Amino acid sequence: MKIISNTRKNLLIISASILLIGCSSLKIEHNTKDTINTYLTNNFFSGLLVINPKTGDTISSYNNTKYFTPASNAKIFTLYVAQKILPKKTPILKYRIYKDTTFIHGTGDPTFLHPYFKDSTIVNFLKPHKNIVLSLNNYSGKRYGAGWAWDDYDAYYAAEINSFPIYGNIVTIDSNKVIPNYFKDSIFFSKTKKKRERNKNLFYIDSTYKKTTKIPFITHKSLIKELLENRLGKEIKLTNKTPHEDYKTLYGIPTDSLYKRMMHESDNFIAEQLLLIISSTLSDTLSSFNARNYALKTLFKDIKQVPRWVDGSGLSRYNLCTPESIVDLLHKIYNETPREQLFNIFPAGGVSGTIKHNFKGKVNPYIYAKSGSLSNNYCLSGYLITKKGETLIFSFMNNHFKEPTSTIKNKMEIVLKAIRDTY
Numbered sequence: 254m255k256i257i258s259n260t261r262k263n264l265l266i267i268s269a270s271i272l273l274i275g276c277s278s279l280k281i282e283h284n285t286k287d288t289i290n291t292y293l294t295n296n297f298f299s300g301l302l303v304i305n306p307k308t309g310d311t312i313s314s315y316n317n318t319k320y321f322t323p324a325s326n327a328k329i330f331t332l333y334v335a336q337k338i339l340p341k342k343t344p345i346l347k348y349r350i351y352k353d354t355t356f357i358h359g360t361g362d363p364t365f366l367h368p369y370f371k372d373s374t375i376v377n378f379l380k381p382h383k384n385i386v387l388s389l390n391n392y393s394g395k396r397y398g399a400g401w402a403w404d405d406y407d408a409y410y411a412a413e414i415n416s417f418p419i420y421g422n423i424v425t426i427d428s429n430k431v432i433p434n435y436f437k438d439s440i441f442f443s444k445t446k447k448k449r450e451r452n453k454n455l456f457y458i459d460s461t462y463k464k465t466t467k468i469p470f471i472t473h474k475s476l477i478k479e480l481l482e483n484r485l486g487k488e489i490k491l492t493n494k495t496p497h498e499d500y501k502t503l504y505g506i507p508t509d510s511l512y513k514r515m516m517h518e519s520d521n522f523i524a525e526q527l528l529l530i531i532s533s534t535l536s537d538t539l540s541s542f543n544a545r546n547y548a549l550k551t552l553f554k555d556i557k558q559v560p561r562w563v564d565g566s567g568l569s570r571y572n573l574c575t576p577e578s579i580v581d582l583l584h585k586i587y588n589e590t591p592r593e594q595l596f597n598i599f600p601a602g603g604v605s606g607t608i609k610h611n612f613k614g615k616v617n618p619y620i621y622a623k624s625g626s627l628s629n630n631y632c633l634s635g636y637l638i639t640k641k642g643e644t645l646i647f648s649f650m651n652n653h654f655k656e657p658t659s660t661i662k663n664k665m666e667i668v669l670k671a672i673r674d675t676y
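Residue numbers for the sequence shown follow this note's numbering, beginning at 254 and rising by one.
Please note: incorrect hints may appear among the correct ones.
Stated by the list, open to error - For lysine-lysine, the following DSS-like pairs were computed, each having C-alpha atoms within a straight-line distance of at most 30 Å:
no.: 1; residue 1: K655; residue 2: K319
no.: 2; residue 1: K464; residue 2: K487
no.: 3; residue 1: K319; residue 2: K342
no.: 4; residue 1: K487; residue 2: K337
no.: 5; residue 1: K613; residue 2: K446
no.: 6; residue 1: K395; residue 2: K641
no.: 7; residue 1: K550; residue 2: K371
no.: 8; residue 1: K478; residue 2: K342
no.: 9; residue 1: K613; residue 2: K655
no.: 10; residue 1: K609; residue 2: K670
no.: 11; residue 1: K319; residue 2: K490
no.: 12; residue 1: K494; residue 2: K347
no.: 13; residue 1: K448; residue 2: K371
no.: 14; residue 1: K319; residue 2: K341
no.: 15; residue 1: K307; residue 2: K557
no.: 16; residue 1: K662; residue 2: K641
no.: 17; residue 1: K307; residue 2: K655
no.: 18; residue 1: K474; residue 2: K352
no.: 19; residue 1: K464; residue 2: K490
no.: 20; residue 1: K430; residue 2: K474
no.: 21; residue 1: K383; residue 2: K487
no.: 22; residue 1: K474; residue 2: K383
no.: 23; residue 1: K670; residue 2: K615
no.: 24; residue 1: K371; residue 2: K609
no.: 25; residue 1: K347; residue 2: K444
no.: 26; residue 1: K371; residue 2: K464
no.: 27; residue 1: K307; residue 2: K383
no.: 28; residue 1: K550; residue 2: K501
no.: 29; residue 1: K380; residue 2: K352
no.: 30; residue 1: K655; residue 2: K467
no.: 31; residue 1: K501; residue 2: K430
no.: 32; residue 1: K467; residue 2: K380
no.: 33; residue 1: K347; residue 2: K446
no.: 34; residue 1: K337; residue 2: K609
no.: 35; residue 1: K352; residue 2: K383
no.: 36; residue 1: K655; residue 2: K446
no.: 37; residue 1: K670; residue 2: K613
no.: 38; residue 1: K494; residue 2: K430
no.: 39; residue 1: K490; residue 2: K478
Derived from the structure by calculation, the hints contain no laboratory data. Quantities reported herein were computed from a predicted structural model and do not represent experimental measurements.
Use the sequences and the hints to build the structure in full.
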């Protein structure tokens, strides 16, 4: 990559130093090396890389080859693999009709009866069929991703992973209804208990809480069978065998709808299930490991500083990647995705998604990026539009801080605006 002039680079490094020292009003001598070194100190770990994809210029770099915990920036990896592997419509069911019996097994599709997507394609397809046999043995994995926090089992963002999700594997409760209604007698009032028993589908809500509550339920074969039977109004048989020959694929909503929801809402459940759909597309087995391993060996083999990638969502603290590896990936996406589609999938600063209230432009958005947040970690990676209309690619990663995340965001905004206004 080309390196921009020392004067401009120093200006941007100084802007970055504002983030690290936490003060935007300091008077800094722009060309004094000792002053820059003085302010490039902090008690947490930060990394930044900004490039111009058109010219190849490196605009700013700091710790860009060091490994960080990316949090939900890991979803950018999931997005790219899904875009490369999956068709325009989501594969939602594998089926085989033999005589008067319809054999089915899941693809990992997260949309089936999901409260947001409300997709009933599978219901409409299965209703006319008399004898339905369901196999749930094609998933090779655990309920949760490696390195997930053990005490998040009742948090909406930690829904279980499985081959045949239904209702998003979530109980949705508001003042008027429970979805699915199957759990209406399993909900109790409590202000002190966790939202769900660890090993039972018994749920607890605060009776004074007025907003919608979402709680993951424990998935198991008999429960999935019952929920599907209730929705179809007919009996379904389970089988331990998973015949693979002559299966056809049923397709549902456009995959772009999944990508946008995953990126805008940072939906962990969709991210994890997308890896299973990818695996289902590549083979007969649903395996997050297989999908990730395939991508690392093929799609990501030329990425600098190969990431340690252990889940689709970024919930795991085992994930590791560098600002440079994320910028490499964003560069691939930028080159292969039409601009309008790209900026629709990524949240816009001050406008949409998880950055709706941050990184606001004066008139139009200048940031289109994916945020990533875990306790003491905040990352932001994506695209920055400068005042001159240039599109830059950046990854800004911050780990191990003890300040409020809002403080880190404010400091990052100072740096990003300086780059927007300078370059």
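Original post:
Which hints, by number, does the structure contradict?
Top reply: The structure breaks hints 2, 3, 4, 5, 6, 7, 11, 14, 17, 19, 25, 27, 31, 33 and 38; every other hint is satisfied.
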